[in-house]
Amino acid sequence: MNRSAVSRGAAFEQLDLDSEQRDSAFGTGLRRADLAVVALACAGAFAAAAIVATGGVVGDPTAFAAVLVANIATLAVAGLAWRRGRPSSLFGYLLLAEGLLVFVSSLSGSPDSVLHLIGVLGVWATAFGATWLLLVFPGSRPSAAGWIVMGIALATFVAGELPLILTSPSLEGLTTIASCGAACPANPALAVHAPSVADAFRNVEGVLQATWGVGLLFYLATRFAWASHARRRVILPVFVSAAPLAAAFTLSAVAFGLAGVESSGTARAIFAGTRILYPLGFVAGLLLARAYAGEALTFMARRLVGRPSVAAVEQLVRRVLDDPQARLVFWLPRSEQFVDRHGAHVALDPARETVTWRAFGHGDARVLAVVHDAVLSEDPELVEAVGAASLLALENRRLERDLLDSVDALRASQRRLVGAASAERRKIERDLHDGVQQKLVALRIQLELVRDLARESGLWNRLAGLAADFDDALDDLRSTAHGIYPPLLADEGLEAALREVARRSTVPLTVDLADVGRLSEDRETAIYYCCLEALQNVAKHAGDDAEALLRLWRDRNAVRFAVSDNGLGFVPRPAHNGAGLTNMTDRIGAVGGTLSVRSTPGEGTTVLGGVAIETSDRIGHVVSV
Amino acid sequence: MSSASELPEYDHLYRLVVAEDAYLIREGIRSALERDKDEVEVLEYCPDLDSLLRAVEEHRPNVVITDIRMPPTNTDEGIQAAAAMRESHPEIGVVVISQYVSPHYALKLFEHGSAGRAYLLKERVGHRIQLLEAIREVAAGGSVVDPKVVDVLVEARMRAKNSLLSRLSTREREVLAGVATGASNAAIAESLFLTKRAVEKNINSLFAKLDLTDDKSTSRRVQAALLFIADSDLETGAES
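Protein sequences, first through last, are from chains A and B.
For what it's worth, my numbering labels the leading residue of the first sequence as 170, then goes sequentially.
For what it's worth, my numbering labels the leading residue of the second sequence as 48, then goes sequentially.
In case anyone wonders, no lab produced these hints; they're calculated from the structure.
Please read all numbers here as calculations on a predicted model, not as lab measurements.
Beta carbons are placed, not taken as given, at the ideal position from N, Cα and C, and that holds for glycine.
Check the hints yourself; a few may be wrong.
As the list claims (entries may be wrong) - Quick list of simulated restraints, FRET-style, between CB atoms: (1) Leu579/A with Ser98/B: 29 to 39 angstroms; (2) Ala633/A with Phe240/B: 17 to 27 angstroms; (3) Ser98/B with Ala633/A: 32 to 42 angstroms; (4) Phe240/B with Arg767/A: 48 to 58 angstroms; (5) Asp258/B with Ala589/A: 20 to 30 angstroms; (6) Asp713/A with Lys256/B: 43 to 53 angstroms; (7) Ser98/B with Asp638/A: 15 to 25 angstroms; (8) Glu625/A with Phe240/B: 40 to 50 angstroms.
Unchecked claim - Covered stretches of chain A, going by a simulated chain B footprint (3 or more residues, C-beta under 8 angstroms): (9) 373 to 382; (10) 600 to 611.
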């Protein structure tokens with residue numbers, strides 16, 4: 170043993186702890202602990218064989234030794250498979266413990282009377298163990314019905330075997346394999362020598378043992394019958410491998426115990442075979458559970474392609490788990506609680522017996538949990554597969570939503586910016602109109618009044634010149650204010666404002682303006698300035714002979730506008746949009762609208778845009794000239 | 048054809064109600080009208096639409112001078128008041144004073160008829176003749192449009208190629224603009240240094256060219272001319 174091996178082993182343990190000892194170790198090499206189990210099993214099998222072979226007590230020592238060795242081997246293999254395949258389960262350890270009991274039972278081949286007694290008790294313990302394994306599979310505790318069967322088993326010992334031990338001069342194990350006949354050593358626990366009483370108890374024991382076997386068979390059959398479709402596939406191999414064992418057990422009790430039939434070699438071989446093979450049913454069960462989980466994962470993955478809703482994922486989880494009550498709940502890290510898909514708080518109480526849950530996430534961070542029937546805890550691979558698939562699907566959704574959220578946030582901020590800018594322009598326009606212009610107009614009036622008073626012609630002329638300058642200043646102010654924000658747009662809406670634009674247009678312009686009603690201010694402003702910008706582009710770029718058409722209309726979904734000209738046109742190059750086009754796109758984009766520009770050299774340009782109608786938009790407010 | 052210039056001066060005492068919410072302008076109007084107090088009597092100054100309509104009911108003035116934009120909504124209360132009075136008191140003349148040069152508002156004022164309506168920019172208030180002329184004109188059922196409003200339109204139209212307006216001769220265009228402001232033939236003749244007869248000739252030919260019907264009523268003539276200048280080139284067949 171060298172140091173590095175030790176530290177590597179420790180590192181493996183650490184890894185195992187990290188993953189909460191859930192992850193199975195299939196596909197990795199045997200670990201130190203596994204090797205120890207294998208060594209122990211080999212040693213136990215060898216020792217058992219040696220005891221039986223050298224004891225001279227058993228009728229057919231070679232056969233018995235072979236059975237013991239094979240039985241220990243299958244239990245060890247099954248135990249190792251479970252311990253590695255489902256580390257969270259105790260079942261693997263139960264299988265290994267059963268192997269240990271089989272070794273103890275080999276002492277019944279010893280000529281020493283005490284060891285023989287211990288061996289006989291070991292045989293009983295082996296039978297209890299096998300019963301327990303079948304009752305609890307794949308968990309670690311039997312159900313109520315399981316306890317009844319277990320009670321019958323214990324009663325068989327207490328009411329049948331125990332009095333037998335106290336009254337019979339020689340002891341034989343339960344099994345037909347280890348019969349020793351005359352070679353049996355004396356019974357060291359003999360209290361009252363009463364062979365007839367012992368025979369009576371032997372009959373009691375036989376009856377009880379048969380009941381035990383029938384009970385076990387019945388239990389397995391009902392369990393299989395009541396199991397869900399999904400679980401039946403897992404139970405089936407165990408049922409198939411355990412039913413012959415239970416049947417042989419029952420028959421041997423009836424035939425050899427009660428009816429007094431002499432056991433034959435064939436009967437012994439069959440019984441031995443069922444004992445050896447039944448642990449392999451557990452291995453097959455485990456493999457089938459994993460195979461089914463894998464299938465479920467594939468099934469889910471195939472249906473989770475695209476963008477399934479949370480409800481759809483939940484439906485799928487229910488279907489795959491075959492649990493109509495199963496739910497997906499989501500962890501809110503900030504408030505540290507689980508909520509269902511409607512956002513309602515879900516209390517996950519660990520004390521509830523019928524329902525349990527399992528959380529999934531990344532490292533320490535929980536993301537969601539699958540709440541499911543407690544029975545499904547026995548299929549952790551399945552729950553794990555389902556949870557992992559749900560996690561992936563919902564993570565994808567969340568990533569996508571985050572992306573959409575950020576796009577929305579960007580658009581909202583763009584909208585706020587454009588909105589703030591246009592609100593500011595409106596405010597400036599108001600200030601100019603109501604403040605500066607009002608004062609200038611008042612001064613202009615006063616100037617005229619003063620001019621009336623001027624009698625001297627020189628002064629009168631000077632004042633007339635001043636009045637003319639005043640008028641120029643007023644004109645400039647008026648057109649500046651109008652350029653900043655057209656009051657008509659705010660007062661009367663798009664149609665009136667665009668008609669006014671057309672009236673003042675220097676490009677020959679025809680209009681086709683429908684009454685589109687009033688929209689929110691930001692959208693009216695966006696459309697207005699887009700049209701203005703497009704018309705300016707016509708004036709600047711379309712050439713001297715260009716004529717333009719300005720259209721505004723409303724369809725079922727949107728208010729649309731188009732500015733088209735028959736001018737020079739250009740070759741559209743999206744990467745080289747001018748500032749004007751970028752402005753237009755930004756403005757329309759900020760209110761969630763669309764804009765497209767089509768142009769062909771020599772055939773003119775069309776700018777086409779639309780902004781969706783919202784329910785708040787008023788219809789009506791007819792403006793006609 | 049009735050024209051203010053043909054009315055004997057100082058024959059009337061015009062009874063006025065004035066609506067203007069801005070103090071400075073209101074005081075300007077007060078001082079301006081003070082000069083002509085033997086012809087003009089202001090019965091009440093009102094700060095908003097409601098008080099204007101109440102004062103009209105109370106005083107039954109001949110003429111109302113009103114700001115276009117007043118409380119409560121600060122949009123086009125003056126035009127609303129004019130429309131309301133067209134129904135309730137068709138005999139009352141209305142002079143709307145505005146800071147907007149947009150023809151939209153003038154056209155809107157004339158929407159339900161242009162008789163007895165004037166649209167003036169506010170700075171005209173100080174000009175004794177222009178204000179008084181407008182008062183006389185609307186009191187007599189005539190129409191006045193601020194020349195600046197007409198100029199803005201004509202200017203844009205003239206820059207635009209292929210405009211119907213550019214088919215007119217310069218003289219015809221000037222006469223049309225004069226007609227659009229509400230000036231009488233005599234006034235147009237005076238301002239363009241033409242004979243009254245030459246003006247009439249121009250009017251006949253340009254109305255024929257533009258396919259407009261020459262109406263004997265000044266106010267309807269104004270409306271037709273203004274509408275023509277404002278919108279003649281704009282409409283496609285699809286539009287009402």
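Against the structure, the hints:
| no. | hint | result |
| --- | --- | --- |
| 1 | Leu579/A with Ser98/B: 29 to 39 angstroms | violated, 50 angstroms |
| 2 | Ala633/A with Phe240/B: 17 to 27 angstroms | holds, 20 angstroms |
| 3 | Ser98/B with Ala633/A: 32 to 42 angstroms | holds, 37 angstroms |
| 4 | Phe240/B with Arg767/A: 48 to 58 angstroms | holds, 53 angstroms |
| 5 | Asp258/B with Ala589/A: 20 to 30 angstroms | violated, 49 angstroms |
| 6 | Asp713/A with Lys256/B: 43 to 53 angstroms | violated, 25 angstroms |
| 7 | Ser98/B with Asp638/A: 15 to 25 angstroms | violated, 36 angstroms |
| 8 | Glu625/A with Phe240/B: 40 to 50 angstroms | violated, 28 angstroms |
| 9 | 373 to 382 | violated (count 0) |
| 10 | 600 to 611 | holds (count 7) |
In this structure, the earlier hints numbered 1, 5, 6, 7, 8 and 9 are contradicted, and the remaining ones agree with it.
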